[in-house]
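Here is how the chains run, residue by residue.
4 protein chains.
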Amino acid sequence: MERKPTATLLLSCQDRKGLVAGVSDFLFRHNANIIHADQHTDQEEGIFLQRVEFELGGMDLDPEQIGPTFTPLAAEFGMQWQLRFSSERCRAAILVSREPHCLIDLLARWTMGELHMDVASVISNHPDHADMARHFGVDYHHLPVSAETKPDQEMQLLDLLDDRKTDLVILARYMQVLTEQVVNRFPNKIINIHHSFLPAFAGARPYHQAHERGVKVIGATAHYVSIDLDAGPIIDQDVVRVSHRDTVTDLAQKGRDLEKIVLARAIRLHLDHRILVYRNKTVVFD
Amino acid sequence: MERKPTATLLLSCQDRKGLVAGVSDFLFRHNANIIHADQHTDQEEGIFLQRVEFELGGMDLDPEQIGPTFTPLAAEFGMQWQLRFSSERCRAAILVSREPHCLIDLLARWTMGELHMDVASVISNHPDHADMARHFGVDYHHLPVSAETKPDQEMQLLDLLDDRKTDLVILARYMQVLTEQVVNRFPNKIINIHHSFLPAFAGARPYHQAHERGVKVIGATAHYVSIDLDAGPIIDQDVVRVSHRDTVTDLAQKGRDLEKIVLARAIRLHLDHRILVYRNKTVVFD
Amino acid sequence: MERKPTATLLLSCQDRKGLVAGVSDFLFRHNANIIHADQHTDQEEGIFLQRVEFELGGMDLDPEQIGPTFTPLAAEFGMQWQLRFSSERCRAAILVSREPHCLIDLLARWTMGELHMDVASVISNHPDHADMARHFGVDYHHLPVSAETKPDQEMQLLDLLDDRKTDLVILARYMQVLTEQVVNRFPNKIINIHHSFLPAFAGARPYHQAHERGVKVIGATAHYVSIDLDAGPIIDQDVVRVSHRDTVTDLAQKGRDLEKIVLARAIRLHLDHRILVYRNKTVVFD
Amino acid sequence: MERKPTATLLLSCQDRKGLVAGVSDFLFRHNANIIHADQHTDQEEGIFLQRVEFELGGMDLDPEQIGPTFTPLAAEFGMQWQLRFSSERCRAAILVSREPHCLIDLLARWTMGELHMDVASVISNHPDHADMARHFGVDYHHLPVSAETKPDQEMQLLDLLDDRKTDLVILARYMQVLTEQVVNRFPNKIINIHHSFLPAFAGARPYHQAHERGVKVIGATAHYVSIDLDAGPIIDQDVVRVSHRDTVTDLAQKGRDLEKIVLARAIRLHLDHRILVYRNKTVVFD
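Protein chains in written order, with our numbering: chain R, 17 to 302; chain P, 17 to 302; chain V, 17 to 302; chain H, 17 to 302.
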């Protein structure tokens, strides 16, 4: 079934009466058909957050007029807001190190039409996956990195991301820590998959840590990358049972299935503009 | 934290533009603060369903005026609708046969304040749980049943439910099939817990059926009771892994944990007016 | 860590005293180091089933002598038994129709070393995945099928499986029903992934059936193929939560993640000789 | 179905050839019927651990002779071992503070025959649950505690546990930290339920911590109590999904269902002698 063109409005502001009525009345007056509306009020903080998706067909405004026409209302309520169109496709860079399972999984989903984005580039500090990328018809960039070349490599990385007009960076088991410079260029636009149930086992070798501690469940966490390592806003998490019979290798194998699924879910939520970030947490309108 | 008095509007109608705006504008004009709004459009069927919860404090209408004032708008859109107030407490009857795990679990949750209802009666075809009911301070009614006395027992049951002004009937492992007469008196107001993942293993002895088939996962299903046995609208389901090591007795024991949780979740959703039924399916606004 | 060469003994017989002692004594006398031993007694049926994995290094028997030397003991207890060596690699055929997600997932796992088998062939009734197979370095055979050509196509299929010395047939979303002739040639050697939580929604279009019934959880089932459609011994199952918001397309997308994982787990259990079948059920020593 | 009297042997030692054969041969020579045997070898540490359950009926040894007769074999292999009989019933003390959900759940399970133990006492620093205990027919002891009375209260606690011949202490949401003196008296015999997915959110107010961090999954952990707070060997864990809609109160409510189930599972594993502890981890033969 072909999806009709839609726009999605994501907004947040101080909670007050008339917000829902104001937004829905605006859309109704311009003859928009709302197909999804979801909202959340953080009672403690007094913050209102909303996602509204509506069809463009039949509206008395052209898509480029919607934003400017909405601005006065937004100003009245002091809203932070974004407007996204289903016709825009996110341009994603996939960064990967040696382990290819997340990369292959994402490319396969993308080929099958699960991810509404363009894969602008695949970038790796290893040459291993060039053939794979080529098979799926995407560009592969090998940017090797060592302690000495790290600043230089990051510069190349930034240039490449810019050059490809990247607006989403996916760390698909990319084992390098990004510096502040890169992180700040893409606020809430870098999605990482960490192979533990954060905040447990942050940092290096989480499966080794989990094995050492003897946990009975392991997890994976997709989160936006912030300056603090493994401490950014969590988008999604999932877990799987393990036992004393599982070696570190077994944990890594079971964990890979989690990593693939949790990362893909987080990307899909991002692409559908279902995530709002505030106070280092996410509101996920699913 | 004390919850402020609210009202909840549940409505469904043919989908068309202006529905969301119409309802939110109505509430805004009467100075209501919307604290939750959720909606669903069944695109295939063209049906719109909505739940709106709003605070009563500050409104320019008394609670009893809200319904009549809303009626013209509802008529205009051809809505089916219900209006519920958080100050009303559902009056529940809990029906149980021999196995008490769901009964005890519900009474414990109720005592701890998890279930916002009055337990109007506990009714059983066995005398076993009278002390338990008494301990929790609720009335216990023993209505024995046999093939010959069944019609008579159902009459007593109906009288008792009426007498106690019952508006929710909970079948907490009640092993008697209710007749059409009782079912029709409480449309979408009888919640049953079936000890399988429906539609698999409907009917009698589901754990025996599951063991015989050699499944690796068992489930439990909470559903509204309709005339067709185990075929009413599903409210919630959950599952747990099992293995060849599990005997039928083990399945029953693992299953009991599911039954308790799934039944309690379904009741809570019902009490919070989060469930809309259409075409033998539920929309659950959670 | 390189795994040392091992052998695995799978056996079943009428339960009686001395079985465990008999087998472990046999292995001890021949200086084998047992690294895993698991057993199960079906008390109702009086059947004993065992899996023992032991290192070949240090034994006073050559691998090819173990079977003949064990035969008298097996005869004494009336055992059905198989002996497998970790050095043997299963030769698998992967059959697939249009949807490639399971195929790609299996090939990716195989490339990463998760599946200890040779992919002897990829066979499809469609030409679509030839490039994919080639990319992973495996042969692709297009065997188109229509109502008239079905008997002929099955003959070609059997020839191809024979020619490639196939000993495991994986139905990775292969949408054709295999005839008795093929099924009987590979008893407990054909693994299918069915996209529902069997026995619910057997047959065609399970996601449509699930949507129609309004279930809150969907599943996937990996099973050995028997003559009765979707009724063979279940190897593994898993589920994921869904809601009224999920269309049939959403169910199919969520379900694909289950299908990939459950199929891969079942194959791994089969390759590690962890599955024993009796009375149309499996004992899985995991 | 009445269970026949059995004994369970739990042992661990340095791994070497002949262990399995030695034990099974011993049992066979004394005419025991093994009904479950499970083992685990920690390859990295070179440690062998085994659980064997066997029927006493038909053996040529009286129960009290089995241990002494086994001693020479155990000495030969340098085993640490325990021998338990199904006829012995563990004498448990349940300690609880204000929240009664775990207490009620355990008493209900115990009444239904799920837990093969005697409830020797219910002990609380609050008077609240005396009636509940009485209803289920068990003794209730109110031992109030404050900063000043803590040493004295612990002394009373120890006396009470001794007096009741307690051999299992269950912390069913007991919010006092036990001192070294108590912990050392019951090594691997105190089971605590912690309301988080350890090692995440150890210490106080884990649901508040989880809410603050914005996790998408919360958990519960049953573990043996050691001197280091919340750092003892983990017996079982489980999790449930949460979202931005869940307040701290909602997390606590969802978490209670986990706590009840995970604690009950851990106790059952302990009572069935299925747990071996080594290097601050558990091997759970389930």
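No wet-lab data here; the hints were simulated from the structure. Quick reminder that beta carbons are idealized off the backbone N, C-alpha and C, glycines included. Any given hint could turn out to be false.
The calculated lysine-lysine pairs, modelled on BS3-like cross-linking and capped at a C-alpha distance of 27 angstroms, are [unchecked claim]:
1. Lys-297/R to Lys-33/R
2. Lys-20/P to Lys-270/H
3. Lys-205/H to Lys-166/H
4. Lys-181/H to Lys-166/H
5. Lys-20/V to Lys-270/R
6. Lys-33/V to Lys-33/H
7. Lys-33/H to Lys-270/V
8. Lys-33/H to Lys-297/H
9. Lys-181/P to Lys-205/P
10. Lys-33/V to Lys-297/V
11. Lys-270/R to Lys-205/H
12. Lys-166/R to Lys-181/R
13. Lys-181/R to Lys-205/R
14. Lys-270/V to Lys-20/R
15. Lys-205/H to Lys-270/P
16. Lys-20/P to Lys-33/P
17. Lys-270/P to Lys-270/H
18. Lys-297/H to Lys-270/P
Some chain H residues close to chain R (C-beta under 8 angstroms, calculated; not the full set) [to be verified]:
19. Gly-94
20. Trp-97
21. Arg-100
22. Ser-102
23. Met-171
24. Gln-172
25. Arg-201
26. Val-256
27. Thr-265
(request) Let me know if the C-beta of Arg-100/H comes in closer than 8 angstroms to any C-beta of chain R, holds or violated. (result) With a closest approach of 20 angstroms, the Arg-100/H hint is violated.
(request) Quickly compare the C-alpha distance for Lys-166/R and Lys-181/R to 27 angstroms and report which way the hint goes. (result) Cα-Cα ~22 angstroms, so holds.
(message) Would the hint on Thr-265/H be counted as holding, given a Cβ-Cβ threshold of 8 angstroms to chain R?
(response) This interface hint is violated because 11 angstroms lies over the 8 angstroms limit.
(message) For a C-alpha distance cap of 27 angstroms, please report whether Lys-20/V and Lys-270/R respect it.
(response) holds (22 angstroms)
(message) Please verify whether Lys-33/H and Lys-270/V have alpha carbons no more than 27 angstroms apart.
(response) violated (47 angstroms)
(request) Could you grab the alpha-carbon distance between Lys-270/V and Lys-20/R and see if it respects the 27 angstroms cut-off? (result) Holds - the C-alpha atoms of Lys-20/R and Lys-270/V are around 22 angstroms apart, at most 27 angstroms.
(message) Run the distance test for Lys-205/H versus Lys-166/H: straight-line Cα separation, threshold 27 angstroms.
(response) Holds - the C-alpha atoms of Lys-166/H and Lys-205/H are around 22 angstroms apart, at most 27 angstroms.
(request) Quickly compare the C-alpha distance for Lys-181/H and Lys-166/H to 27 angstroms and report which way the hint goes. (result) Judged against 27 angstroms, a Cα distance of about 22 angstroms means the pair holds.
(request) Starting from Lys-297/H, check that the Cα of Lys-270/P is at most 27 angstroms away, please. (result) Satisfied, since the Cα-Cα distance of roughly 25 angstroms is no more than 27 angstroms.
(message) Hint check: Lys-20/P vs Lys-33/P, CA-CA at most 27 angstroms. Holds or violated?
(response) It is violated: about 32 angstroms lies between the C-alpha atoms, which goes past 27 angstroms.
(message) Against the 27 angstroms threshold, does the CA-CA distance of Lys-205/H and Lys-270/P hold or violate the hint?
(response) holds (24 angstroms)
(message) A closest beta-carbon separation below 8 angstroms is what the hint needs, so does Arg-201/H meet it against chain R?
(response) violated (24 angstroms)
Going down the numbered hints, you'll see the structure goes against 7, 11, 16, 19, 20, 21, 22, 23, 24, 25, 26 and 27, while the others check out.
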